[in-house]
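Trainee: Residue numbers (my numbering): 1 to 459.
These are calculated hints, taken from the structure and not from any lab test. A couple of the hints might just be wrong.
Mimicking BS3-like on lysine-lysine, the simulated pairs with C-alpha atoms at most 25 Å apart in a straight line are [stated by the list, open to error]:
{"#": "1", "residue 1": "Lys264", "residue 2": "Lys234"}
{"#": "2", "residue 1": "Lys315", "residue 2": "Lys247"}
{"#": "3", "residue 1": "Lys17", "residue 2": "Lys28"}
{"#": "4", "residue 1": "Lys366", "residue 2": "Lys389"}
{"#": "5", "residue 1": "Lys97", "residue 2": "Lys181"}
{"#": "6", "residue 1": "Lys404", "residue 2": "Lys315"}
{"#": "7", "residue 1": "Lys310", "residue 2": "Lys265"}
{"#": "8", "residue 1": "Lys181", "residue 2": "Lys247"}
{"#": "9", "residue 1": "Lys389", "residue 2": "Lys310"}
{"#": "10", "residue 1": "Lys181", "residue 2": "Lys203"}
{"#": "11", "residue 1": "Lys247", "residue 2": "Lys233"}
{"#": "12", "residue 1": "Lys39", "residue 2": "Lys4"}
Quantities reported herein were computed from a predicted structural model and do not represent experimental measurements.
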Amino acid sequence: KQNKITFQDVAGVEEAKEELREIIEFLKDPPKFQKLGGKIPKGVLLVGPPGTGKTLLAKAIAGEANVPFFSISGSDFVEMFVGVGASRVRDLFEQGKKHAPCIIFMDEIDAVGRHRGAGLGGGHDEREQTLNQLLVEMDGFETNEGVILIAATNRPDVLDPALLRPGRFDRHVVVARPDVKGREEILRVHTRRIPLAPNVDLKVLARGTPGFSGADLANLVNEAALLAARQDKKSVEMIDFENAKDKVLMGVERRSMIISESEKKIIAYHEAGHALVADLLPGTDPLHKVTIIPRGRALGLTQQLPTDDKYNYSKEYLVNRITILLGGRAAEEIVLQQQTTGAGDDLEKATDMARKMVCEWGMSEKMGPLTFGKSEEHIFLGREMSRPKDYSEDTAILIDAEIKRIVTDSASSARHMLEVNLEKLHALARALLERESLDGEEIARILRARPYQEAPAPA
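Given only the sequences and the hints, what does the whole structure look like? Please build it.
Mentor: Spelled out as structure tokens, the structure:
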């Protein structure tokens, strides 16, 4: 028998837990709520990015309320035979009514709950049949039967409006990525059964993992434990967590990859260029690590980590990010008088950021505070599908010119900074060739060895 999951096992989503406590109260003591004529929500939709603990929350509700828990995934309704989905929905709710009070949990509801009429070919989609049956069942069963439907999705934008209306899913609970405090609590939960060395500081770890979801943190703790076990340690030390974090963030080290000395030099100057520009610019995220050991698919990496969670970015911050991205290529041009393919990914990211500044965030003086083209980006998944064009050809030419201006201005300012601080660039590249990896403190020590030359703004 599985261990029962309770709210003790769920950390970092306090607001969502508060919202759901009411439902547990109802399942434990229904008459208390019905006495004043209040109706408990029929359905709760848990919405959030992948890995934030939506399924875990649903299990914890059932564990806390001590009621039967029926779980089914959205794709279980879609079969090769016509009509199976609808009959499964009927069976599920019949089972629920028999065992009331209970919880029915539907994971990945977007598999059946998509907008109707979105299927191609004009035929009556099997999925629509299932959705219609689900809508009927949700309206048909009375709440006081004690059956509560909980559904989870990371694509609320594609769900049918009829499914989201009050009376079906009354409550929409956002399960967001955890903040610093939440991450610390999650790490605490996952390290409960792991022997930790005295030097492990979960506060520092939580600060150094911005943007991590609960699943990422669970993976981080597991990787650290595996690394420690591989080295026959008695407990997991801070260095294991640091190495695991680098593995999760940057990919696995590929030390066996043979790189010639001349290529190593190019990579060292490229990464030193990124790092030096990042250090020189005000208001950027502090440097965490610079390495010329190939990791994942990258030949070298410069990693910056924000000191705290950022939810809003200024124009200055974005321009600085673009300048840092172009610092690697600028260093190659200055020192080695050549351009290489190593900057391909940097250029792609820089252009993409500049395009968003002009088209989405209205950060171009020439174009004004307008948005161009609707972004079809998924709310929680962040992948852009397409961008419908709702502007003229003349405007398109101006947009392209603005994007080019932002990127080329940043490139020339990166180049100027590196030319003024050439000594520091050489020192950093030498240290990288010698030691292969440098952390934030080591970089600061190398760069502070000589007095700073303030870079005047390029004319």
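Trainee: Now tell me if each hint is right for this structure.
Mentor: Now the hints, each set against the structure:
For the proposed pair Lys264 and Lys234, the alpha carbon gap of about 37 Å is over 25 Å, so the pair is violated. Simply put, Lys315 and Lys247 have alpha-carbon atoms about 31 Å apart, too far for the 25 Å limit, and the pair is violated. Between Lys17 and Lys28, the direct Cα distance comes to roughly 16 Å. Compliance with the 25 Å bound is thereby established for this hinted pair. Between Lys366 and Lys389 the alpha-carbon distance is near 19 Å, which keeps this suggested pair within the 25 Å criterion.
A distance of roughly 40 Å separates the Cα atoms of Lys97 and Lys181; the hinted pair therefore is violated under the 25 Å criterion. Our distance criterion of 25 Å between C-alpha atoms is met by Lys404 and Lys315, whose separation comes to about 16 Å. Between Lys310 and Lys265, the direct Cα distance comes to roughly 34 Å. Violation of the 25 Å bound is thereby established for this hinted pair. A distance of roughly 23 Å separates the Cα atoms of Lys181 and Lys247; the hinted pair therefore holds under the 25 Å criterion.
A distance of roughly 30 Å separates the Cα atoms of Lys389 and Lys310; the hinted pair therefore is violated under the 25 Å criterion. Of the pairs offered as hints, the one joining Lys181 and Lys203 holds, with about 8 Å between alpha carbons and a cut-off of 25 Å not exceeded. Only pairs whose Cα atoms come within 25 Å are accepted, and Lys247 paired with Lys233 is accepted, the gap being roughly 19 Å. Restraint check: the Cα-Cα separation between Lys39 and Lys4 comes to about 28 Å, which exceeds 25 Å; the hinted pair is violated.
The structure fails to meet hints 1, 2, 5, 7, 9 and 12 from the earlier list, while all remaining hints are met.
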